[in-house]
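Peer 1: All chains, please: the whole structure from these sequences, using the hints.
2 protein chains.
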Amino acid sequence: MLNTAASATLDGRPVAPSHGRLRPVGIQDVRISGGFWGRMQELNADVIIDHAERWMEQVGWIGNFDAARAGRLPADRRGREFSDSDVYKLMEAMAWEIGRTGDADLERRFAALTDRIAPVQEPDGYLNTMFGRPGQQPRYSDFEWGHELYCFGHLVQAAVARARTHGRDTFVDVAVRAADHVCDVFGPGGKEAVGGHPEIETALAELGRLTGEQRYLDQAALFLERRGHGLLGEIELGQDYFQDDVPVRDAEVLRGHAVRALYLSAGAVDVATERHDRELLGAVERQFARTVASRTYLTGGMGSRHEGEAFGLDHELPSDRAYSETCAGVGALQVAQRLLLGTGSPTHADLIERVLYNVVAASPAQDGKAFFYSNTLHQREPGTTPAQDSPSPRAASSLRAPWFAVSCCPTNVARTLASLGAYVATVDDGGLQLHQHVASRIETTVPDVGTVGIEVSTRYPEDGTVGVTITETPDDPWTLSLRVPAWAHSATVRRGASVTEAGPGYVELEGPWHRGDTVELELPVRARWTWPSPAVDALRGQVAVERGPIVHCLESVDLVPADLGTDVDTVEVVTDEEPVEQDGEVLVPVRVSGTAAEPEGRPWPYQDHRPATEPRSDTRLAPLVPYHAWANRGPSTMRVWMPVAD
Amino acid sequence: MLNTAASATLDGRPVAPSHGRLRPVGIQDVRISGGFWGRMQELNADVIIDHAERWMEQVGWIGNFDAARAGRLPADRRGREFSDSDVYKLMEAMAWEIGRTGDADLERRFAALTDRIAPVQEPDGYLNTMFGRPGQQPRYSDFEWGHELYCFGHLVQAAVARARTHGRDTFVDVAVRAADHVCDVFGPGGKEAVGGHPEIETALAELGRLTGEQRYLDQAALFLERRGHGLLGEIELGQDYFQDDVPVRDAEVLRGHAVRALYLSAGAVDVATERHDRELLGAVERQFARTVASRTYLTGGMGSRHEGEAFGLDHELPSDRAYSETCAGVGALQVAQRLLLGTGSPTHADLIERVLYNVVAASPAQDGKAFFYSNTLHQREPGTTPAQDSPSPRAASSLRAPWFAVSCCPTNVARTLASLGAYVATVDDGGLQLHQHVASRIETTVPDVGTVGIEVSTRYPEDGTVGVTITETPDDPWTLSLRVPAWAHSATVRRGASVTEAGPGYVELEGPWHRGDTVELELPVRARWTWPSPAVDALRGQVAVERGPIVHCLESVDLVPADLGTDVDTVEVVTDEEPVEQDGEVLVPVRVSGTAAEPEGRPWPYQDHRPATEPRSDTRLAPLVPYHAWANRGPSTMRVWMPVAD
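Protein chains in written order, with the numbering used here: chain Z, 1 to 646; chain E, 1 to 646.
These aren't lab readings, by the way, just hints derived from the structure by calculation.
Owing to the predicted nature of the structure, the values given are computational and were not obtained by experimental measurement.
Treat the hints with caution; some may be incorrect.
Stated by the list, open to error - Here are the in silico distance ranges between beta carbons for each label pair:
hint	chain 1	residue 1	chain 2	residue 2	range
1	Z	GLY584	E	GLU236	50 to 60 Å
2	E	GLU122	Z	LEU231	37 to 47 Å
3	Z	ALA104	E	GLU236	34 to 44 Å
4	Z	THR566	E	GLU236	25 to 35 Å
5	Z	HIS276	E	GLU236	39 to 49 Å
6	Z	ASP608	E	SER18	38 to 48 Å
7	E	GLU252	Z	LEU621	29 to 39 Å
8	Z	LEU231	E	THR384	20 to 30 Å
9	E	SER18	Z	THR566	43 to 53 Å
10	E	GLU122	Z	ALA112	17 to 27 Å
11	Z	GLY233	E	THR384	13 to 23 Å
Said to hold, decoys possible - Computed footprint of chain E on chain Z, listed as stretches where at least three residues anywhere in the stretch have a Cβ under 8 Å from a Cβ of chain E:
hint	region
12	283 to 294
13	316 to 324
14	536 to 545
Ideal Cβ placement from N, Cα and C applies to all residues, glycine included.
Peer 2: Structure representation (structure tokens):
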């Protein structure tokens with residue numbers, strides 16, 4: 001069943017299109033060796049994966065499979081209708097992690113989970129703890145909310161990860177049987193249906209790539225083309241909630257539930273790529289570009305509405321009601337990575353960097369034991385500490401929670417961190433492209449050239465120096481491309497005695513190369529003011545601070561030592577000078593606003609004259625923290641966008 | 001059962017507290033004789049009530065009662081679980097309207113509805129088409145969402161209207177039996193429960209006032225005191241959704257579902273008043289004051305979140321996602337009227353005026369055949385025309401819809417318009433207070449003084465002249481009080497040869513009076529800029545225009561003739577001069593913004609320099625329309641708050 005060229009499948013690549021401008025490298029080819037993402041990968045390996053597994057045992061989501069085997073369903077079923085999917089996402093994280101480190105304990109746990117899941121699969125390949133048993137709803141009786149195809153999608157993605165890091169095993173066989181079942185039931189002449197939550201599309205496409213089976217790709221294409229024709233029932237949130245309002249190829253922008261929209265887009269790129277469907281690919285590219293241009297937060301977060309966990313309209317980007325679900329960040333990474341591979345445009349690598357640092361990294365607490373589900377950009381009230389012994393409501397955004405009733409985000413973070421190497425670099429016929437400046441050792445094959453190796457030494461984004469040493473090279477020349485992010489405007493490249501300046505995009509350094517050759521890229525990492533488009537009503541009169549790719553924020557716990565009150569909503573920043581960097585901290589001049597604090601007892605918040613503005617304090621320097629690090633020091637209020645003093 | 005003093009009950013008063021700073025007058029005492037509200041009452045009588053009745057026949061909500069009688073439930077049941085309540089709200093509107101005009105056709109239709117509903121009542125007084133029959137959920141099995149007590153509340157309110165305008169009849173008897181049933185089931189020693197949607201509290205309190213039966217008031221108090229102790233189950237929206245998070249007397253501000261919070265507050269004022277519970281009354285007053293000061297839109301609308309149809313946090317008032325449900329406007333009127341009666345504070349009459357002109361009047365289309373459910377303050381995309389032959393989703397806010405799947409708003413508008421006279425004036429021991437400057441004839445009894453009559457002649461708010469002629473007066477002196485709204489700062493009062501200036505509040509004109517005496521109040525009704533508190537992040541850098549009590553807005557259909565583009569989001573207003581009034585229109589200087597319109601294809605909406613501002617057009621005058629009149633000329637975009645040119 002699997003592609004017989006076993007070596008081709010054991011490449012550790014999360015996404016492996018058959019063609020495209022760039023080719024992905026696998027997680028075995030990119031060894032992250034330290035720095036920001038090295039620490040995050042360690043946190044994932046040491047804490048997050050264990051944490052997720054323990055919680056899913058505790059709340060019974062893994063136990064659902066045991067209950068199924070023992071005939072104790074539906075009585076003993078726990079969790080929401082899609083809880084199986086989180087077990088699969090955990091297993092995907094484990095699979096990448098085993099592939100990355102060979103962790104024997106994790107391998108044992110992966111096998112143990114497989115032993116509990118495999119027996120639940122029915123003879124025809126169906127596998128779900130929620131449907132089909134006496135006392136449960138029948139299979140496929142609720143396409144809007146049942147999530148059966150969504151669960152299959154995550155099963156298949158986990159199996160692809162397993163196959164590409166370990167090879168075929170029982171778990172992979174289970175997923176292949178499930179995929180065959182899906183094709184049997186929903187193929188041509190079968191049930192004319194789509195799932196309420198896209199995910200099966202990109203999963204089946206990747207399984208097709210893995211196995212070489214056209215059937216899976218065709219089924220992915222069929223699901224994709226069926227969508228947008230109203231096969232799903234009408235719901236109060238509207239058909240755009242699950243992107244069943246308009247066919248994918250006719251849509252103009254992402255809309256509705258953000259995670260659904262992004263997973264669907266990822267599947268659409270996969271299908272379009274494999275079918276050489278330029279119309280479809282172009283449609284997704286345009287939709288995504290408009291979404292990034294007008295429906296995306298400074299953090300790279302997507303989803304402006306809590307209602308329906310959804311995209312807002314163009315330029316509807318309220319900081320305080322930012323939903324910016326962690327999973328939408330993961331979805332955006334998936335779409336951007338696929339478009340990067342297809343087009344080679346640095347825009348997509350820029351977005352990946354932004355989302356990684358400011359959404360994915362923002363979700364876990366510093367200790368890895370609590371997570372943000374939604375990622376607000378403005379916390380108006382200090383949060384209360386979420387329950388530590390039971391799941392929290394999903395959109396509890398004031399402080400990170402250990403687990404959620406809907407807990408898609410922690411496992412999504414875990415699988416992304418474990419497979420992060422795949423986002424760092426790509427190859428093409430002419431050489432190697434370094435997209436993310438991550439301390440790492442990369443060794444991979446450049447087609448028609450041979451094995452190339454580099455070592456990336458950097459403390460980026462703490463500072464802007466990225467050193468690259470050639471560790472392996474054929475004699476034939478090849479090109480090393482280094483990304484200069486759009487925010488940099490200009491970067492310095494040192495290669496031997498040559499010093500050149502480069503603008504955003506890729507600096508292309510041509511070979512021949514020799515082992516030990518070095519290149520240094522100097523990016524202008526320093527704190528800077530960032531201004532919003534005036535089209536974003538919610539941000540008028542406000543400014544943010546970024547440093548390199550890192551969005552910063554003002555947290556109320558940092559106002560108190562500066563004697564600036566206790567609430568970020570009562571201060572304004574003075575932008576006459578650049579933000580200050582001092583002892584590794586970013587500081588901005590801040591004063592208590594003479595207007596933001598309303599007089600006590602003012603009965604009506606509107607008046608017939610412009611409010612007078614008299615600062616109520618001296619201007620003092622207040623430290624900002626990286627957005628991803630906020631809410632690690634107890635309840636506080638927080639703003640990314642700060643009012644500007646007149 | 002009813003208070004034996006029949007004349008005391010036939011007074012047409014929607015709310016009749018036993019004591020308070022002011023005493024209400026009934027709808028028979030205040031005859032609105034023309035002008036803005038005269039036209040609205042005519043529209044209600046001629047169109048809105050008929051429209052609501054026809055739609056509820058068409059969608060089967062009235063037919064549910066027939067189906068119940070014929071034993072065809074649950075098979076033939078139509079509509080949501082609370083659809084009975086809309087039939088009762090329609091009947092309440094009919095009752096007030098019959099009381100106001102004596103309309104014989106309406107009287108016949110009211111009786112016909114009674115004949116269809118009364119037989120559905122069960123021997124123990126229970127009455128609901130949704131619960132309790134074979135195949136239906138059992139009675140009182142879903143307090144969170146079942147709405148049984150909510151439906152009873154509307155039944156009782158309709159019956160109070162009927163009793164106070166017609167006297168006891170079969171319909172009133174039905175409601176009294178239902179109220180007795182509620183007291184039997186939920187009284188001391190009975191079911192320890194509250195309903196998910198408050199409404200029964202204020203209804204039972206008023207029935208207690210009507211009948212003199214202490215039991216109803218005690219039951220209202222019991223429901224009120226039970227709330228906030230977690231008797232309702234946990235829901236994903238959180239316990240604040242139905243105000244079960246904190247006891248009413250301990251809360252600090254209104255929160256959660258806005259209509260629920262406001263109906264509950266109205267009931268709390270009723271209970272606090274009748275029980276002389278100053279602590280409770282003070283708590284509601286403080287909560288409402290803070291809500292008005294920090295959680296209320298310029299229109300008087302309440303509810304900043306579509307999710308949960310809920311209040312936001314303090315100063316969370318996004319224009320584009322304003323929910324501002326029409327029913328929340330009605331709820332705000334109910335609370336403000338009760339607090340006005342209790343305290344005599346003009347603040348409450350100011351809010352009533354604001355909500356009437358800018359929420360209640362904004363809901364119906366000019367032809368009375370379509371309604372806004374939510375009332376946005378910023379329409380970003382031109383709406384599409386809602387379905388004309390089937391109910392629309394409830395929050396369809398782009399254009400008014402003929403009917404909704406949840407259609408609480410049209411009937412709430414209808415009952416409010418029919419009983420509007422009661423908001424116009426009050427009496428106290430010393431005289432008569434004119435709160436709303438509505439063309440009307442008022443004749444009522446001032447306690448200890450006698451019958452007084454006035455005729456109010458005015459085109460207000462078209463202009464600011466309010467003429468009052470004494471039409472009936474005893475010899476004893478009494479005081480005529482005229483409200484000067486807070487926006488007026490100062491008004492001129494002419495009484496005979498005397499001309500005085502008065503500030504906001506009540507101008508108190510002491511008698512003795514003689515028939516034919518005249519007073520003229522001159523309010524400075526002219527278009528003015530209104531500025532937001534800087535604490536409202538969503539409004540920074542924006543300005544609105546009000547004229548008298550009327551909020552205005554810019555609608556895109558008015559940009560085109562001025563050659564200013566087709567989208568309100570691309571223009572800014574110049575505020576150097578006052579807004580212009582010309583031929584009855586309000587106009588403001590507007591130019592195409594040099595910044596708001598993004599260059600085509602700009603890939604990212606944030607940048608590291610302040611956006612340059614160069615206007616892209618001359619400054620031209622563009623007309624504004626009253627907010628209540630927008631969206632009557634086809635799809636358009638709209639803003640209440642407009643960006644200010646630098």
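Peer 1: It remains to establish, for every hint, whether it holds in the given structure.
Peer 2: We went through each hint and held it up to the structure:
1. GLY584(Z) to GLU236(E): 50 to 60 Å: 42 Å, violated
2. GLU122(E) to LEU231(Z): 37 to 47 Å: 43 Å, holds
3. ALA104(Z) to GLU236(E): 34 to 44 Å: Cβ of ALA104(Z) to Cβ of GLU236(E): about 41 Å, so the range 34 to 44 Å holds.
4. THR566(Z) to GLU236(E): 25 to 35 Å: 31 Å, holds
5. HIS276(Z) to GLU236(E): 39 to 49 Å: 44 Å, holds
6. ASP608(Z) to SER18(E): 38 to 48 Å: 40 Å, holds
7. GLU252(E) to LEU621(Z): 29 to 39 Å: Hint holds: Cβ distance 34 Å, inside 29 to 39 Å.
8. LEU231(Z) to THR384(E): 20 to 30 Å: About 22 Å separates the Cβ atoms of LEU231(Z) and THR384(E), which means 20 to 30 Å holds.
9. SER18(E) to THR566(Z): 43 to 53 Å: The hint (43 to 53 Å, Cβ to Cβ) holds, given that SER18(E) and THR566(Z) are roughly 45 Å apart.
10. GLU122(E) to ALA112(Z): 17 to 27 Å: 58 Å, violated
11. GLY233(Z) to THR384(E): 13 to 23 Å: Given range 13 to 23 Å: holds, Cβ gap about 21 Å.
12. 283 to 294: This one holds; 4 residues, not fewer than the three required, reach chain E with a Cβ under 8 Å.
13. 316 to 324: holds (count 6)
14. 536 to 545: With 7 residues in contact (Cβ-Cβ under 8 Å with chain E), the coverage given for the region 536 to 545 of chain Z holds.
Of the numbered hints given earlier, the model fails hints 1, 10; all others are met.
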